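Peer 1: Given chain A, work out where chains B and C should sit, using these hints.
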Amino acid sequence: MSESEERMDCEAREGGAAPLLSVADLQVRYGPAQALFDVSFELAADTTLAVLGANGAGKSTLARALSGLVPPSGGRIRFDGRDITAKAPDVIRRAGLVHLPEGRGVFPALTVQENLRMGLAVDRADRKAALERAFSIFPVLAQRHRQRAGTLSGGEQQMLSLARALMVSPRLVIADELSLGLAPRLVDVVFENLQRAREAGVSVIMIEQFAHRALGFADRCLILQRGVVAWSGPAEAAGDELLHRYLGEGTAA
Amino acid sequence: MLQYLFAGLALGAIYAIASVALVATYVSSGVFNFALGSMAFTVARFYYFLNTESGWPILPSAVVSLGLFAPALGAVLYWLLFRHLRLRSPLIKVVATIGLSVALPPAVELVFGKLTNVTAPGLAPVPLKVFHPFGAAVNMDQIMTYLGLVVVLVLGIAVLQYTDLGLKVRALVDSEALTSLSGVNPTRVSLGVWAVSTVLTGLAGILLAPTAGLSVEGMTYLMAAAFAAVVAARLNGLATAVAVALAMGVVTTVIQRYLDPESALSAQIVPSIPFAFMLLALLYHAWRRRAGEPPAGGALDRAIRVAGGATGGPAPARRGLADPTLIASGVALLSVAALPLVLPEYWAGLTATGLALAIALLSYTLVTGEGGMIWLCQITFAGMGAVLSAELATYHGWPPLLAVFVGALLIVVVGAVIGLLTIRLGDLYVALVTLTFGLLVQTLLFTRDRFYNFGQGTAMPRPGFAEDTRVFSYLTLGTFLLLALLIVNLRRSTAGMAMRAVRWSEDGARTLGLSVVQMKLLVSALATYTAAVGGGFLAMNSQSSLPDSYNVFSGLVWLAVLVTVGSRSLMAALVAGLSFHLFPGVFQTYLPTGWAEVPVLLFGLGAVMVAKDPDGILAVHARQLRGLLARRGGGLPQPSGRPAQAALASGSPDSAVHQLTGGDR
Amino acid sequence: MNAVSTSPVPAPPARLEAVGVTVRFGGLVALNKVDLRIPPGSMVGLVGPNGAGKSTLFAVLSGLLRPNEGRVLMGGGDVTRATPQARARRGLSRTFQRPELFSGLTVREHLVLGDRVRHSGDRIWRDLLTGGGFRRPSKEEDERVDRLLEALHLGGLQHREAAGLSLGAGRLVEVARALAVEPEVLLLDEPSSGLDMRETEELAATLRRVVEERGLSLLLVEHDVDLVLGMCDTVNVLDFGAMIRSGTPEEIRSDPAVRAAYLGEEPAPRDAEAKRDEEDA
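Listed in order, the protein sequences are those of chains A, B and C. Count the first sequence with the working numbering and you get residues 1 to 253, in order. Count the second sequence with the working numbering and you get residues 1 to 665, in order. Count the third sequence with the working numbering and you get residues 1 to 281, in order.
Derived by calculation from the structure, the hints in this document are not laboratory data. A quick note: this is a predicted structure, and the numbers were derived from the prediction, not measured. Note that beta-carbon positions come from the ideal geometry of N, C-alpha and C, so glycine has one too. One or more of the hints may lead you astray.
Pair by pair, the computed Cβ-Cβ distance ranges are [what the hints assert, rightly or not]:
| hint | chain 1 | residue 1 | chain 2 | residue 2 | range |
| --- | --- | --- | --- | --- | --- |
| 1 | A | 126 | B | 237 | 33 to 41 Å |
| 2 | B | 2 | A | 126 | 50 to 58 Å |
| 3 | C | 140 | B | 481 | 30 to 38 Å |
| 4 | B | 344 | C | 129 | 39 to 47 Å |
| 5 | B | 237 | C | 140 | 53 to 61 Å |
| 6 | B | 423 | A | 73 | 57 to 65 Å |
| 7 | C | 142 | B | 335 | 17 to 25 Å |
| 8 | C | 121 | A | 73 | 40 to 48 Å |
Which chain C residues stay away from chain A? Per the calculated CB distances, all over 10 Å, these [claimed, not checked]:
| hint | residue |
| --- | --- |
| 9 | 66 |
| 10 | 121 |
| 11 | 150 |
| 12 | 194 |
| 13 | 223 |
Computed, partial: chain B to chain A, Cβ under 8 Å [said to hold, decoys possible]:
| hint | residue |
| --- | --- |
| 14 | 170 |
| 15 | 174 |
| 16 | 184 |
| 17 | 515 |
| 18 | 516 |
| 19 | 517 |
Bound-form chain A, shown alone (with noise of 0.2 Å):
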């Protein structure tokens, strides 16, 4: 399509297809300090991407870029056919991205109801039937639904973010440490529910403190570290040796 794309490596394409992000040389500062230097990949439709790095690695500030809520200070950003760079989070949202922040991605004095209809603030379309999805995905939260989202648990805000995604049917959805600090059995019900957006063609990138979870369930994967691309491939090629050498973390052993 454009000529940005013939310069990035094609090995994430398949079938030929167009892809549905591709970004090249995307570079991100946070005042003089940079946090992103050239990061390229292309994702196609209906893949799950990781993304894996260090603490300060640069994953949150690439998400953070994606959706447009940081100003990328170089770079190109395409999204679903079009040039999506430097545009306001609101374009980028109603264009069919959604980032499920890191941390407790819900407005905590709204109630759950209130989260879930601002979910819906783009998707007009029969918010009836998108309200039942969520409450029929997490149950939990139609018992809660008058109850202010700040003073549900964790876990629940977790889930009411992630619901706020899935009621919805978007191209992608950036997930980023949806896991984090939820007890494992939500850890479970929160890869299910990803798992069922990927099967309804919605393509995912994850953000993971667990890589191994992550890498058992993605398509790709890309390892970030300093700002950097250090590695990308297919998930499974991503080994214990490679996530060693690359994260630090725990792996040691």
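Peer 2: Here is chains B and C on its own, set in the frame of chain A:
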């Protein structure tokens, strides 16, 4: 009694409407609107123009001013100014809205003409119908006021709770980042909030006009009362703000029942009631340790916020005497020093006043420029310095200079106490406490007959050797230089470094072993002393203490002018002080009288501009000049004239001067 | 080497010690009866997943946060109620996860300030009366500052304002500032994040040298487990606000509970989902 209650509720309802507007804009866009009073005045003045001056009936006048003019005003101001403030430092937010409050009234007067008679009708037809429920009189204006509040509250709650629009507003208050991630454009929502709250502000202004008069002063008083209610509500609780506003209104009228309306005391107590409320609320919150700023937005909003504040880049290395910046500053100083010699008497007099003001402005350079604290009561310290030194000189026979320099030491105690009281408060609270303190001193102390003396104040002689204006100018300039030298020493000394350390990171400073309390006390004390000395010189200059000239709101203009020129540079204080007096002089002398307000308008606009360029115009000029030089490939501009002077004063290391010499070599 | 021991044999008083420290934020237990000992001249590591309570423990140790229960001791003396500056004067120094730099000061000034706090504390007041701002700094001070600048490779940046520094350089400035006060105990909160490999190695070498030369004690919080395991004598593992293991690097390396905390391979020891948001990483 009931009658007082009715009147009090009406007053309280007006305060409440204004408080709602203040809270709405603060929680949705992070800007605490110091221009509330001016905006209320603007809308009320427009209503007066339609209803009284153009003879429109009440209903169309109200519909056009509140339905069209007010939202348009709010939207335009949001677009031009408030939109850019969200991520600015608290100082810039305060100064830019102060600038707006300074600039709006003269702009309105230029368009609609100056009002000589401030009595204005409200929303009820004149003559007012009067009812007598339970035997107490209630007039139609008061009923319109109750109605106004009820409509505002009912509509407000309905919209916020039950509509999609209200949901978006509440979402925005919770987290701007998350709102935009939900596909909602936060700018559009904020624009709406500003438009609506300007309608409320205007409504409060129109309702207030019949009782308090259609004047900037009256509206400013309304603003102060709304501040008090909002501070009591910790800046974000609508219900508390409305309740406190109503209580304040009732207390204000009921207390009058027990006061002798003729006594001087009641003339002082009644206007101080909102300030007393605010002080009590602040002390209560500080005692409960809840007077930090409520964090704007959620964790996500904080995480994506780019560290603001100081600009980066290489800092100036230590320079020798041959440094071009130093030489150039010297040249600039010499030309200022020549002014009293070359100017005729009238202008020399203005120069002397400007120099005395420059001393007082140095106090902002210290407390705000170095210490990073937003104090709005420096003019009050100056006033106290003026009053006290005049007392000492006239009634106790002290030599004038001794009275100024020793008297200022006594004022330092006051400044230190305020410094201690505000040490744990957030920036905005500090600004409000100091503003309140200033207003209290102004209404309770400066108006006492002994000090006030029908506005003349106490006589304050100049020193015997400096009775001539020229000699006095040099004395003042010398004092300015002495204080400036002390400040330079402070900046470069260990204490100066420690002070800046505390300013930029209290945790970092404390864990290094520095005492935050000591450093903040030091800067408070020094700034207070400087302000009080400046006040003493201003008094000597006018040979009287003139307590009226130390009005807190004039102090806001002082701050606006200083920050416009540059809050960190010593030369900026000199330039600001001189232009504050010389500039209006030019307008008065050479331009039609209708233009008399233009300088104030320009000062205000200047302060508004800091929203876009927080460094002040000296730095901006330096940057522009640098750009020009770069384009010209290092061509040599004239070494004299204002732009060059400006560049020198900016103190920026790679300022035009460096470029200049670079091109020279 | 056997720094942390549960045996009744009396150990020398630790430079810094936390005993049964508990911190609650509202209903959340951020730290639950945490014990930690930093003996003289030792390097102690603290690891744990995001949100485990590491930064909270740092805040308690340095005096910025008062614990709900438990005590903090320095050299055997109780400092639980001492202010941060009092602890600093007793020889405690720290860095922050997000560097707490003095934006308006140059890199060199950060170090000069630290040096003066240590060597000429009275200058804060004396300078004001004696025109100290115009005097040249003493030769000894210049030498000490230069040595530190050189040790951390900051010489080239010494006249830059801190506001313009990269995250990595900012961390080095913080470490240098902390060393400039010549502390007895140094707490480092994630010093390597934002540094590249080479810078991390250089920092580790510098720290080792300072520990050897000055007998400094060090507490190191790191996500870079390799760095901690490679440098420290004792490593403590914090998870969900509780200290789940303390031991030598070898012991920690092979501990299944530690692996679980990091990898999520096995069920975590307790269900404490609500505890992890105290630190936003």
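Peer 1: Would you mind marking each hint as holding or not holding in the structure?
Peer 2: These are the hints, each one checked on the structure:
no.: 1; hint: A:126 with B:237: 33 to 41 Å; in the structure: holds (37 Å)
no.: 2; hint: B:2 with A:126: 50 to 58 Å; in the structure: holds (57 Å)
no.: 3; hint: C:140 with B:481: 30 to 38 Å; in the structure: holds (34 Å)
no.: 4; hint: B:344 with C:129: 39 to 47 Å; in the structure: holds (43 Å)
no.: 5; hint: B:237 with C:140: 53 to 61 Å; in the structure: holds (57 Å)
no.: 6; hint: B:423 with A:73: 57 to 65 Å; in the structure: violated (39 Å)
no.: 7; hint: C:142 with B:335: 17 to 25 Å; in the structure: violated (38 Å)
no.: 8; hint: C:121 with A:73: 40 to 48 Å; in the structure: holds (43 Å)
no.: 9; hint: 66; in the structure: holds (25 Å)
no.: 10; hint: 121; in the structure: holds (32 Å)
no.: 11; hint: 150; in the structure: holds (23 Å)
no.: 12; hint: 194; in the structure: violated (6 Å)
no.: 13; hint: 223; in the structure: violated (4 Å)
no.: 14; hint: 170; in the structure: holds (6 Å)
no.: 15; hint: 174; in the structure: holds (4 Å)
no.: 16; hint: 184; in the structure: holds (5 Å)
no.: 17; hint: 515; in the structure: violated (29 Å)
no.: 18; hint: 516; in the structure: violated (25 Å)
no.: 19; hint: 517; in the structure: violated (30 Å)
When the structure is compared with the earlier hints, violations turn up for hints 6, 7, 12, 13, 17, 18 and 19 and for no others.
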